[in-house]
Amino acid sequence: MAQFWFYVFTLVFFLFDYFILAMGLNIQFGETGILNFAYIGFVALGAYVTGAVSLPSSVGTAQQYIFGFNMPFPFSLLAGGVAAMLMAVVVAFITLRRLRTDYLAMVLISLSLVLYDVINNYVRLFNGADGLYNVPQPMAGLFHLTSNAFVIFFACVTGVVALIMWFVMSRVTRSPLGRTFRAIRDDPDVASALGKGVFRYQLTSMLIGSFYAGIGGGLIIQFGGSFNPSAWLPGETFVVFAVIIVGGVGNNVGLLVGALLVETLLIHLPAFLPDIPGHPGLIEYIDAMVIGVALMVMLWVRPQGLVPERVRRFQVPTDELIHRDGHSVEAPVIDTMSATPTPSAMAAHEGEDA
Amino acid sequence: MRYDDNVSAAADGPILRCEAITKAFGGVNAVNGATFEVPRNKITALIGPNGAGKTTVVNLLSGALKIDTGKVHLGNIDITNMERYKIARLGLMRTFQLSRELSGLTVLENLLVAPKVQAGESLFNIFFRPRLLQREEKQNLERALEILQTYGLYALRDNRASDLSGGQKKLLEISRGVMASPSLFLLDEPMAGVNPALIEKIGGYILDMKAQGVTVLMIEHNLNVVERICDNVIVLAEGRTLATGKLSELRENKEVVTAYLGEIINAGPSH
Ligand SMILES: Nc1ncnc2c1ncn2[C@@H]1O[C@H](COP(=O)(O)OP(=O)(O)OP(=O)(O)O)[C@@H](O)[C@H]1O
Ligand SMILES: [Mg+2]
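Chains as they are written, first to last, in my numbering: chain A, 5 to 358; chain B, 75 to 345.
If you're looking for bench data, these hints aren't it; they were derived computationally from the structure.
Treat the numbers as computed from the prediction; the structure is a model and nothing was measured.
Note that beta-carbon positions come from the ideal geometry of N, C-alpha and C, so glycine has one too.
Mixed in with the good hints there might be a few duds.
[Stated by the list, open to error] Pair ranges (Cβ atoms, derived):
#1 B:P204 <-> A:V294: 43 to 51 Å
#2 B:S239 <-> A:M300: 46 to 54 Å
#3 A:D121 <-> B:Q171: 44 to 52 Å
#4 A:I290 <-> B:N269: 53 to 61 Å
#5 A:V122 <-> B:G101: 31 to 39 Å
#6 B:P270 <-> A:Q308: 49 to 57 Å
#7 A:V305 <-> B:S239: 23 to 31 Å
#8 A:S114 <-> B:T143: 46 to 54 Å
#9 B:D152 <-> A:M300: 48 to 56 Å
Same shape as in the complex, but just chain B:
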């Protein structure tokens, strides 16, 4: 198996299958038998109350944490507890709930580092194949600048990433993931803490990704956003999948309403 092959976006069947995965931290069963599928080329929302285990699920899927029990398949490849960089090379990218920029690198470099396999990362090529390097670097540079433009970060390209504002860091993280050409992109609350205009924009970017064949699984508390851009919803509560389906269907589901939606309907949408 070659790890640099993306899981083909064209194949059929769900892009990700997750069977009864569990993860305990000491006595806390953060994820407790979550089972769900992520359909290909759709935008799926992962919702649930605070502490439901959503971020932990993303950490388990991306290999950042070890799974206690259960199985995860990406396409037809078993990625359960595979090393995280190998999972990434299969085309699974993720963002972090609290943005993690590569602080000492410039905005542009944050993107340039993202392509998964670069000829320029080999010592041999650096000294003996400078042409190849230049060509690759030029292509990556063009692509990175294009993405930065789309994401409105072009003017900030030469700033150190640590100098960006919170919202800009969110954009940087998303655009960095896009630069890596993912097949499945896991977004952990991409719109938390950003202003309404930017929420609108990020929603547009996510729809664009879908149009370009990227499957998205996003954690999101804002149900307006979920309503408008997500095709499917997975509800997680206490580490278990409570329900899956369209948001409109879930609004009818009593269990879901008590566990999560009710809270919001009563309290009004907030983070």
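Next comes chain A alone, as it looks inside the complex:
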């Protein structure tokens, strides 16, 4: 029975964690149009830094790593988020200032490969190919949790973190800043002709998204206690892309649905299935194919995702505005005159994404 709940809450953890990761990639790609094919690199950096700062000094252990500050949760997690942001600054200055979207995507793929090689071969950084392990479970000692209880506990902690980050993200996406991001996504030339310093906004979006990546990564290493190169093969970026494409780019609810379907049901659930007799590991491969096929099918039949981006409608007191200057309103070509007159709702956005 305890085993069952261990499985369930492991799935719940990954659901929330990938929701966070999906929000981060979505603000970059879905809202601002930055095709960040290096996303998983930011996740990995967040994981490694969170792990390395929460471990005790590496002197006298079998591992080699920098930091080793014994830093408590949630500071260790924040350190991971901040590290990913710092990398975003560097990457943005290298890539965003000059390159067009398609070239940018290629440069970012290469960057993520370089990062992968550096971290896996420069052992003194994060213990190279072995990765970090024995990372202390945050607060487990504090509450005297058994390892099964910790899984449940930390899945809930991640849920709370995800909720806060959801709240923050929806504030951003429905603000004028979010609108400017989407303007840049739709046409950066028009945005700059309207006086928007495109680079500054892209940098902001990169920073926000990378923070989410770093936090998502940090939570992974604190949940599992270890993180190594197999966890962030550069192709993993496409799993996060699959989450947001299947769920719905530009819609936070869609991202949660995507995280549920792709990450929880397609990736992690099959890991708990018994092997097919005589074919160990076959399920994994079938799984990878199913994800690929799911992605293609989605792009083919429903490119907007299961829960598409919502059109941001505004409630407007029509009676007050029509005829104000003696201008009559043209006959609507497409009828949208459905707003009910509520003067107090003048500035209230209606039909926003959650």
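Position chain B with the ligands against the provided structure of chain A, taking the given hints into account.
Just chain B with the ligands, lined up with the frame of chain A:
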């Protein structure tokens, strides 16, 4: 210098001076020493045969393309090869010959995004000054709705911009520029491909802009329109300014007639 200050419409002297600007694409000298001034608070037409370099001039003035040689001054500020968003912040807006709407945004959002500097575009303000944001957003919303009404797009405000018809997209682009409160508004063929009634209307809008202190430089092939609403005309041919003056004067100018007007007089007005 602050980039969010519009070049004052009240100062005197031409709002824009353009000295011997050139631009070559490979072997094509698209703009080849164009020199002209745009007088303040007037409507100036930029005319010339297809391929004369008119759109390229607009791209150079607005910073969308780099100028090879020559100088451009907006008021007394040298804007030669300044970053385009900084030029826009100085109050120079432009439209595109082929309309470019922000397709994923609604019509209303296309306007709301236009004000050049918004408090709501700062992360700090979003979380710590929500009141300021609300106030600003309300003002912008009111203004945007008013403009949409004037331009007959009010009923379409919640439609995605990509769903609009060609003529509606032209109107959207102009109204978006107006929302940004320009001092100098460059219009690249605002009336191309729209029906005669709408041409009439757009002409009215442009006159309204002038009445509100906006200087307009418009590329236009329709000489009836030029005749009726434009105060001055600049004729461009093969990347050079051929002549400037009133249309009536230019009709007497032999060079202009051979280069451009003759073509039209013989062929009848068409696009
Ligand atoms: N991006 C470009 N690359 C190469 N050549 C270009 C480019 N833009 C314009 N040209 C060339 O420069 C010349 C001027 O083009 P431009 O678009 O400025 O003409 P125009 O006066 O606006 O013409 P029209 O009235 O047809 O719109 C043309 O010969 C065109 O082929
Ligand atoms: Mg042109």
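Hint-by-hint comparison with the structure:
{"no.": "1", "hint": "B:P204 <-> A:V294: 43 to 51 Å", "verdict": "44 Å, holds"}
{"no.": "2", "hint": "B:S239 <-> A:M300: 46 to 54 Å", "verdict": "34 Å, violated"}
{"no.": "3", "hint": "A:D121 <-> B:Q171: 44 to 52 Å", "verdict": "47 Å, holds"}
{"no.": "4", "hint": "A:I290 <-> B:N269: 53 to 61 Å", "verdict": "59 Å, holds"}
{"no.": "5", "hint": "A:V122 <-> B:G101: 31 to 39 Å", "verdict": "45 Å, violated"}
{"no.": "6", "hint": "B:P270 <-> A:Q308: 49 to 57 Å", "verdict": "38 Å, violated"}
{"no.": "7", "hint": "A:V305 <-> B:S239: 23 to 31 Å", "verdict": "28 Å, holds"}
{"no.": "8", "hint": "A:S114 <-> B:T143: 46 to 54 Å", "verdict": "37 Å, violated"}
{"no.": "9", "hint": "B:D152 <-> A:M300: 48 to 56 Å", "verdict": "53 Å, holds"}
Checked against the numbered hints above, the structure violates hints 2, 5, 6 and 8; every other hint is satisfied.
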